[in-house]
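Using the hints, position chains R and U against chain Y.
Chains as they are written, first to last, in this note's numbering: chain Y, 90 to 478; chain R, 466 to 738; chain U, 38 to 344.
What the hints contain is simulated information worked out from the structure, not anything from laboratory work. Glycine is no exception: its CB is placed at the ideal position from the N, C-alpha and C atoms. Possibly wrong hints are sitting among the right ones.
The calculated DSS-like cross-link candidates involving lysine-lysine, where the alpha carbons are at most 27 Å apart (straight line), are [unchecked claim]:
#: 1; chain 1: R; residue 1: 721; chain 2: U; residue 2: 239
#: 2; chain 1: Y; residue 1: 223; chain 2: Y; residue 2: 244
#: 3; chain 1: U; residue 1: 239; chain 2: U; residue 2: 261
#: 4; chain 1: Y; residue 1: 298; chain 2: Y; residue 2: 327
#: 5; chain 1: Y; residue 1: 269; chain 2: Y; residue 2: 217
#: 6; chain 1: U; residue 1: 261; chain 2: Y; residue 2: 267
#: 7; chain 1: Y; residue 1: 117; chain 2: Y; residue 2: 327
#: 8; chain 1: Y; residue 1: 378; chain 2: Y; residue 2: 401
#: 9; chain 1: Y; residue 1: 269; chain 2: Y; residue 2: 238
#: 10; chain 1: U; residue 1: 261; chain 2: Y; residue 2: 217
#: 11; chain 1: Y; residue 1: 298; chain 2: Y; residue 2: 283
#: 12; chain 1: Y; residue 1: 117; chain 2: Y; residue 2: 267
#: 13; chain 1: U; residue 1: 127; chain 2: Y; residue 2: 244
#: 14; chain 1: U; residue 1: 158; chain 2: R; residue 2: 721
#: 15; chain 1: Y; residue 1: 238; chain 2: Y; residue 2: 223
#: 16; chain 1: Y; residue 1: 463; chain 2: Y; residue 2: 444
#: 17; chain 1: Y; residue 1: 401; chain 2: Y; residue 2: 388
#: 18; chain 1: Y; residue 1: 241; chain 2: Y; residue 2: 217
#: 19; chain 1: U; residue 1: 239; chain 2: Y; residue 2: 246
#: 20; chain 1: Y; residue 1: 246; chain 2: U; residue 2: 341
#: 21; chain 1: Y; residue 1: 223; chain 2: Y; residue 2: 267
#: 22; chain 1: U; residue 1: 78; chain 2: U; residue 2: 158
#: 23; chain 1: Y; residue 1: 241; chain 2: U; residue 2: 158
#: 24; chain 1: Y; residue 1: 246; chain 2: U; residue 2: 158
#: 25; chain 1: U; residue 1: 261; chain 2: Y; residue 2: 244
#: 26; chain 1: Y; residue 1: 378; chain 2: Y; residue 2: 388
#: 27; chain 1: Y; residue 1: 378; chain 2: Y; residue 2: 463
#: 28; chain 1: Y; residue 1: 282; chain 2: Y; residue 2: 298
#: 29; chain 1: Y; residue 1: 282; chain 2: Y; residue 2: 444
#: 30; chain 1: Y; residue 1: 269; chain 2: U; residue 2: 261
#: 31; chain 1: Y; residue 1: 244; chain 2: U; residue 2: 239
#: 32; chain 1: Y; residue 1: 267; chain 2: Y; residue 2: 241
#: 33; chain 1: R; residue 1: 685; chain 2: R; residue 2: 501
#: 34; chain 1: Y; residue 1: 327; chain 2: Y; residue 2: 267
#: 35; chain 1: U; residue 1: 158; chain 2: Y; residue 2: 223
Some chain U residues well away from chain R (every beta-carbon gap over 12 Å; in silico) [to be verified]:
#: 36; residue: 111
#: 37; residue: 113
#: 38; residue: 127
#: 39; residue: 213
#: 40; residue: 220
Below, each chain spelled out in residue letters.
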Amino acid sequence: MAGKSLTAGKSLGPIRRAFAPWNDPTAKPFIQFQNVTKTFGDFTAVDDLSLNIYEREFFALLGPSGCGKTTLMRMIAGFEEPTSGQVRLDGQDLVGVPPYRRPTNMMFQSYALFPHMNVWDNIAFGLKQDGMPKPEIAARVDEMLALVKLEKFAKRKPHQLSGGQRQRVALARSLAKKPKVLLLDEPLGALDKKLREETQFELIDLQVKLGMTFVIVTHDQEEAMTVADRIAVMDHGKIVQIATPAEIYEQPNSRYVADFIGEINLIEGTISAIEGGITTLDCTGTGAKVQVTQDGGAKVGDTAWFAVRPEKVAISLTPPADPNVNAVTGEVWDIAYLGDVSIYHVRLSTGATVKATITNTTRLVERPITWDDKVWLTWSRDGGVVLTR
Amino acid sequence: MRRGPSWFNITAITLGFAFLYLPIVLLVIYSFNASKLVTVWGGFSTHWYVALLSNQGLLDAAWVTIRVALLSATFATILGTMAAIALVRYGRFPGGTLFSGMVFAPLVMPEVITGLAMLLLFVAIGFARGFWTLTLAHITFSMCFVAVVVQSRLVSFDRSLEEAALDLGCPPLRTFFTITLPLILPAVVAGWMLAFTLSLDDLVISSFTTGPGATTLPMKIYSQVRLGVTPEINAICTILIGIVTTGVIIASIVTKRREVERQRAERLAFQTG
Amino acid sequence: MAMTTDPVTPGHAGWLRWLVVAVPYLWLILLFLAPFLIVLKISVSTTAIAMPPYTPVLDFTSGLGALWEQFQEFSFDNYVFLTEDALYWKSYLSSLQIALISTFLILLVGYPIAYGMARAKREWRPTLLMLVILPFWTSFLIRVYAWMGILKPEGLLNQLLLWLGVIDQPLNIMPSTLAVYIGIVYSYLPFMILPLYATLEKLDETLLEAAADLGCPPIQAFWKITFPLSLPGVVAGCFLVFIPAVGEFVIPDLLGGSDTLMIGKTLWAEFFSNRDWPVSSAVAVVLLAILVVPIMLFQNAQKKVTE
Numbered sequence: 090m091a092g093k094s095l096t097a098g099k100s101l102g103p104i105r106r107a108f109a110p111w112n113d114p115t116a117k118p119f120i121q122f123q124n125v126t127k128t129f130g131d132f133t134a135v136d137d138l139s140l141n142i143y144e145r146e147f148f149a150l151l152g153p154s155g156c157g158k159t160t161l162m163r164m165i166a167g168f169e170e171p172t173s174g175q176v177r178l179d180g181q182d183l184v185g186v187p188p189y190r191r192p193t194n195m196m197f198q199s200y201a202l203f204p205h206m207n208v209w210d211n212i213a214f215g216l217k218q219d220g221m222p223k224p225e226i227a228a229r230v231d232e233m234l235a236l237v238k239l240e241k242f243a244k245r246k247p248h249q250l251s252g253g254q255r256q257r258v259a260l261a262r263s264l265a266k267k268p269k270v271l272l273l274d275e276p277l278g279a280l281d282k283k284l285r286e287e288t289q290f291e292l293i294d295l296q297v298k299l300g301m302t303f304v305i306v307t308h309d310q311e312e313a314m315t316v317a318d319r320i321a322v323m324d325h326g327k328i329v330q331i332a333t334p335a336e337i338y339e340q341p342n343s344r345y346v347a348d349f350i351g352e353i354n355l356i357e358g359t360i361s362a363i364e365g366g367i368t369t370l371d372c373t374g375t376g377a378k379v380q381v382t383q384d385g386g387a388k389v390g391d392t393a394w395f396a397v398r399p400e401k402v403a404i405s406l407t408p409p410a411d412p413n414v415n416a417v418t419g420e421v422w423d424i425a426y427l428g429d430v431s432i433y434h435v436r437l438s439t440g441a442t443v444k445a446t447i448t449n450t451t452r453l454v455e456r457p458i459t460w461d462d463k464v465w466l467t468w469s470r471d472g473g474v475v476l477t478r
Numbered sequence: 466m467r468r469g470p471s472w473f474n475i476t477a478i479t480l481g482f483a484f485l486y487l488p489i490v491l492l493v494i495y496s497f498n499a500s501k502l503v504t505v506w507g508g509f510s511t512h513w514y515v516a517l518l519s520n521q522g523l524l525d526a527a528w529v530t531i532r533v534a535l536l537s538a539t540f541a542t543i544l545g546t547m548a549a550i551a552l553v554r555y556g557r558f559p560g561g562t563l564f565s566g567m568v569f570a571p572l573v574m575p576e577v578i579t580g581l582a583m584l585l586l587f588v589a590i591g592f593a594r595g596f597w598t599l600t601l602a603h604i605t606f607s608m609c610f611v612a613v614v615v616q617s618r619l620v621s622f623d624r625s626l627e628e629a630a631l632d633l634g635c636p637p638l639r640t641f642f643t644i645t646l647p648l649i650l651p652a653v654v655a656g657w658m659l660a661f662t663l664s665l666d667d668l669v670i671s672s673f674t675t676g677p678g679a680t681t682l683p684m685k686i687y688s689q690v691r692l693g694v695t696p697e698i699n700a701i702c703t704i705l706i707g708i709v710t711t712g713v714i715i716a717s718i719v720t721k722r723r724e725v726e727r728q729r730a731e732r733l734a735f736q737t738g
Numbered sequence: 038m039a040m041t042t043d044p045v046t047p048g049h050a051g052w053l054r055w056l057v058v059a060v061p062y063l064w065l066i067l068l069f070l071a072p073f074l075i076v077l078k079i080s081v082s083t084t085a086i087a088m089p090p091y092t093p094v095l096d097f098t099s100g101l102g103a104l105w106e107q108f109q110e111f112s113f114d115n116y117v118f119l120t121e122d123a124l125y126w127k128s129y130l131s132s133l134q135i136a137l138i139s140t141f142l143i144l145l146v147g148y149p150i151a152y153g154m155a156r157a158k159r160e161w162r163p164t165l166l167m168l169v170i171l172p173f174w175t176s177f178l179i180r181v182y183a184w185m186g187i188l189k190p191e192g193l194l195n196q197l198l199l200w201l202g203v204i205d206q207p208l209n210i211m212p213s214t215l216a217v218y219i220g221i222v223y224s225y226l227p228f229m230i231l232p233l234y235a236t237l238e239k240l241d242e243t244l245l246e247a248a249a250d251l252g253c254p255p256i257q258a259f260w261k262i263t264f265p266l267s268l269p270g271v272v273a274g275c276f277l278v279f280i281p282a283v284g285e286f287v288i289p290d291l292l293g294g295s296d297t298l299m300i301g302k303t304l305w306a307e308f309f310s311n312r313d314w315p316v317s318s319a320v321a322v323v324l325l326a327i328l329v330v331p332i333m334l335f336q337n338a339q340k341k342v343t344e
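This is chain Y alone, in the form it adopts within the complex (with noise of 0.2 Å):
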């Protein structure tokens, strides 16, 4: 199903951009955490956390292994319960249902295809389960196996398969039962970059045009910012921030989140004045004032970091001519070339490095800006935000 969309014609958009039930205060959570903690022995994997997912949202959870966001996905699967607190889908309370009485299904990060049994019984698998009559059964399966494109595929064992088949063949066992909500365990994990961020696209088409609930865990950044409504980044059992892919990007409420999702120059400072909507902090770092227009909650006198991602900082020979830009100069130390973009490292007389991402938008011929030149940093006032934590 490569690159074909699967609403053939139409953009997502209209379906895309209006939805975000989470800002509307009478919308009814479809799965609900409440005070959930779980622990193993002595480790605690999940800790005293409430989280809201809403119908025919596409979340995502997002954070570094042992994060706790696997367990968080098998809680609702049914496969670890939860040592204190509620989970609830769609208005029931699931502790106790055993995996197989849930009317949610998962695809496994491993595929967990049974090597026994091939395509066609596999997707079959679950149907037979709720004793679907046989014509059914092969009506719903065929139907899968169109959805996924495999149709030629059916009397092959798993083995007999390449990775990114076993993976639509999994996918299609999670969707014949026609859940409520799709569990999505690292799915994309075992493919290659390219087929990966097709496939993304192919994900984010299906949910749209199922209109089911997905939730996904992925230790992805990108990926997760691809596919999701919203993402839920979680450290140590804790959820850090809750948002959707631009708010985290652009607006990461701690140094930990900045940091996870793409590149960032963090710079720590002391808060000197908030006048007129101005935040200044004075950056022992760069040796230098910075101004921004957001004070992310900070008082003066508080020790707190200045956030800029690579991209939003300038790079240039001379001087700025506005006065109201922030600006500190240094020397060029490393230039990594990606083609796309160059990221220029660059060294301050403190011995910070800061760094800053140019687009090629030209072909490379001779660098206009190369090693040990003295260059000035630029960006404006809006380009970052202050973080407490």
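Then chains R and U, alone, in the frame of chain Y:
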């Protein structure tokens, strides 16, 4: 999903192990029975063990058995390891199927057939039956068990280790002794122990292939067992069980300790690295 | 890289490779394969009162010309004899029956144990495995002997049952065919547990999670996922038990009654008591012919593990 032991699993394991061990435990207990009547408990006594020491026929048989076991286990280990390497590394050679057939067949071949066949061979070539025919027969069937044990280790062996040694200029034979052998050594040792106990225990093949003057302990026990259960046999059996159990437990503790040490070293390296 | 040490074609180390294959190969041909040919040969000789007690056929020293004459002396009388005396075919049939039923019983007893072991806590598994292997290292003869003390008329089982008041007359469990079943199940149990445990332990637990996730309750998941995937272990275990059990001698001899017919016992008696080597060879050849198919199936299964 529920983790750890379920009620069913605990019951299955408990009953299973009770079944496996109860007869042996009873046998051991009754070897300390003072009464001559095996099944009537007459108080604790080591009387039967003392009696064993004065039974010259039994001691002779034990000495023959141990010599055969040591010799046959050693040769079986060498031959079995070679056979395992031949199977895993050089699987495709002329007659390879016949070879693997001959290695695996003795594992399941009824002993009466193997024993009869070997006896007839020794008779046909006019080899006087006794200590040496016994040893040859034991080498032959136990080498196949060694081959299977070593083979299972070789299958999971990372060949790039050997390739690295070769690449660094180490010739094949020396590579085998400096790289391969140390790494498969646990399996080779286990194979030797298995061959040793197989030889120690064997009754049927020994009965066929031995001759006058080379009576083994199991043959001696068998001839007495046919006459009935006696505390004296319980005592011999207890000693044999004791030797084998101690050997197996020591071996497993050694491997376990090595494993624990390796894991600790790995953790340390990981933390400091 | 040194040119002569290519690991695929070891160059000057060819002789080494040749040696590693040739030594065990020749050993097995001389001491395992050749004996079977001799058994075959003697099974077509006639009995003689001498030492060895048969008239030799195929004396290669007398040259090729004499060979044909020797062929004509082949006597299938021994095989004809086997068909005439009901003892033999009854022994074969009852051996197969006892081995088959025992194999099934062992599977029934061994599967839950292996399953329980494979599902035990990871840190417990090596200990449990050792506990299964330990009796396997203990002498077969001793383990059978241990049951004699329990099963005989004045044995511990009868004493216990009498004491409990369950029976008032000692049961005649031993010697009998029932005692043979108990002995075989007991002695061969580890052979079934070990391959079963090996396949069950490797079973990917996420497959069971996937089955549960798709609405399959645990008991159904066992029959649909666990059991089919453990079949290689079941097959290996059954062969490991069935083939040697058919030719078992010690257990029927010590625990069985005079009415317990098993071919291993018959062969032993024919050889050691009747001293009829040609007939015992014929018995062995027929037994081997019966077992050749299971043995080859077993070897195929083993070879697959190697590759």
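For each hint given before, does the structure comply? Return the numbers of the non-compliant ones in rising order. 4, 13, 22, 23, 24, 34, 35, 40
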